[in-house]
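Asker: Spelled out, the chains give:
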Amino acid sequence: MFNRDRWTEIFETIGKNKLRTFLSGFTVSLGIFIFIILFGLGNGLKNTFQEFFLDDASNAIFLYPGKTSKPYKGFKANRRIEFRNDDLRDIKENFSFYLEHLTPRITRNALTRYKNQSNNYSTRGVAPGHQFVEKTILMKGRYINQSDISRKTKVAVIGRMVAKDLFKSEEAIGKYINLGSSAFKVVGIFQDEGGDNEERNIYIPFTTRQLIEKSNDKVDQIILTYRKELGYLGAMGLENGLKKYFKEKKSVSPEDPNGFYIRNIADDLRETQQFAVVLQLIVSFVGLGTLIAGIIGISNIMVFVVKERTKELGIRKALGATPNSVIKMVLQESVFITIISGYLGLIFGVLVLENIGVKLDKYFIKNPFIEISTALIATVVLIVFGAIAGYIPAKRASSIKPIIALRDE
Amino acid sequence: MIKLKNLHKSYKMGSSSLHVLKGINLNIEDGELVAIMGSSGSGKSTLLNILGMLDTADKGDYILDSFKIENLNETKAAKYRNKFLGFIFQSFNLINYKTALENVSLPLYYQGISRKERQQIAVDYLERVGLKEWATHLPSELSGGQKQRVAIARAMASKPKVLLADEPTGALDTKTSCDVMDLIQKINEEGKTILVVTHELEIAKMCKRIVKLKDGVIVEDSKVKQVKASSYV
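Respectively, the protein sequence lines represent chains A and B. If you're matching positions, the first sequence starts at 1 in our numbering and goes up one per residue. If you're matching positions, the second sequence starts at 1001 in our numbering and goes up one per residue.
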């Protein structure tokens, strides 16, 4: 294999048959290139798709209050159900096995003012767990903490867009903003993958919100996340458990579909994931098709190359080349060309993908990429099949009797 | 040098078979220059192919330099060819993308001789056929006579025991034919055994012995007085 003389011979042959080399190399490069581009674009499509669902934690369950639609246990229908602080405590006690984070959410709109800048933003009264449920990313300062909750402090964590609107380039942390009629101290600034609208929110301790609203203990929504390792079945179990528990506690008829609502992200996710699987299948199918086309391309080129060289190989055999050395020469040359050009196609394809980045965003293709291992495997597959495709005609050429090869056309 | 005993060869043509060689007996001594003549279909090319181990006989013995050639697999045949035989073809059969020098050094490559040595030997042989200045030229830049001389240099380079020439002048005009034959005669005078297959009597007369083939058997085998090719020029 590492016979220097043979390599010299191969390099001479390659150097003097540029068209042939170019043709076989180009086929391989193009095959790999197209494979990488298509696969990458497919992944980009998947990225866009997944992004729609990345806003909230994928293991979240939302509880919304509603109105009953059936009379039950002496209560009339059309009764408004409300969640309260003790519901939070009960969830914590009864479902601790499932629970990861738990938070209420009390949403109000409030005119927010800083010096002479003002605007309407929605404020959300939350617990510290909300940060993980909403996947809030803190840019500066801190989030609401447990002592804020128990001391009912007037602190606010504001979104990036809020800070931009009200404070312009001024430092926001430590300043006071007016929310409705009370002044809140800004303790943190966040960003959110959900986009600009999510960044127009203001978070305050839910206990502070309750204090402002005459010290009540109502909460709008309850959001919780369960331990991911419980999986889909665990999530469904928790959902059913919650439903049963609250129907009992709030005296809602077991047959009543309204009363309150539970939205389980796992359920949503399951559907999206099925769609993602279909997408993945399409991407893989396209990739496989390209690879097969590439393999057929190389096979054709190899048959052509060997055919073209039949006479030369006959001469070599008449001069004392053994069948083995003929096969080795043809194969080594083709494998060498495939490796180099496959590698070039790989680099070129990856470079193009890198450069696309977010340029195709409006076509729902975001950050197309290919795992380097996938690209390498594809290249290796093409090289191996190129070698096999080269071996068969080379083997045949090597067993042709030199007289036949040398016969004048 | 070469001993053939009762050599038979037939080709299958569908259901029938064509008996090409029907018992050839031939002895060729060291240093002979033998012309093998015959019209087309007489079996002379088949005989040459068997002598050149490019093809195998069905029956009979072939002894080359007291070596019995039998049970040849491809690899063995390739090694024997490389060691014992040099080929000169009618259509030269040079590799068209290699220079004259590279063509001449190719059999040496298959003998496993180092690159430097190979080139040295190849230059020597090109000099002997008078083409040293043409060493870096491709076959397409050479005339027919020059190509055949490169082919002869290539056949000689591996120092074979026997040179086999298949219609070496078939593609050349009279004057160049004489040049090539002159070269072949000179090589023969240095002691090399050479077989020339031809159908031209004039070429045959430049050899020392003429073997005539007809319908697969030897019909005439006689020593002749050699005509020097140089006398034609």
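Because the hints were derived from the structure by calculation, they are not lab data. Errors might be hidden in some of the hints.
[What the hints assert, rightly or not] Cβ-to-Cβ under 7 Å is the rule here; a few derived chain B residues that face chain A:
#: 1; residue: Asp1058
#: 2; residue: Gly1060
#: 3; residue: Asp1061
#: 4; residue: Leu1072
#: 5; residue: Arg1081
#: 6; residue: Tyr1110
Remember, predicted model here, so these are calculated numbers, not experimental data. Idealized CB from N, CA, C, for every residue including glycine.
Asker: Each hint needs a verdict: does it hold in this structure or not?
Answerer: We went through each hint and held it up to the structure:
{"no.": "1", "hint": "Asp1058", "in the structure": "15 Å, violated"}
{"no.": "2", "hint": "Gly1060", "in the structure": "19 Å, violated"}
{"no.": "3", "hint": "Asp1061", "in the structure": "21 Å, violated"}
{"no.": "4", "hint": "Leu1072", "in the structure": "11 Å, violated"}
{"no.": "5", "hint": "Arg1081", "in the structure": "5 Å, holds"}
{"no.": "6", "hint": "Tyr1110", "in the structure": "4 Å, holds"}
Comparing the model with each earlier hint shows violations of hints 1, 2, 3 and 4; every other hint is respected.
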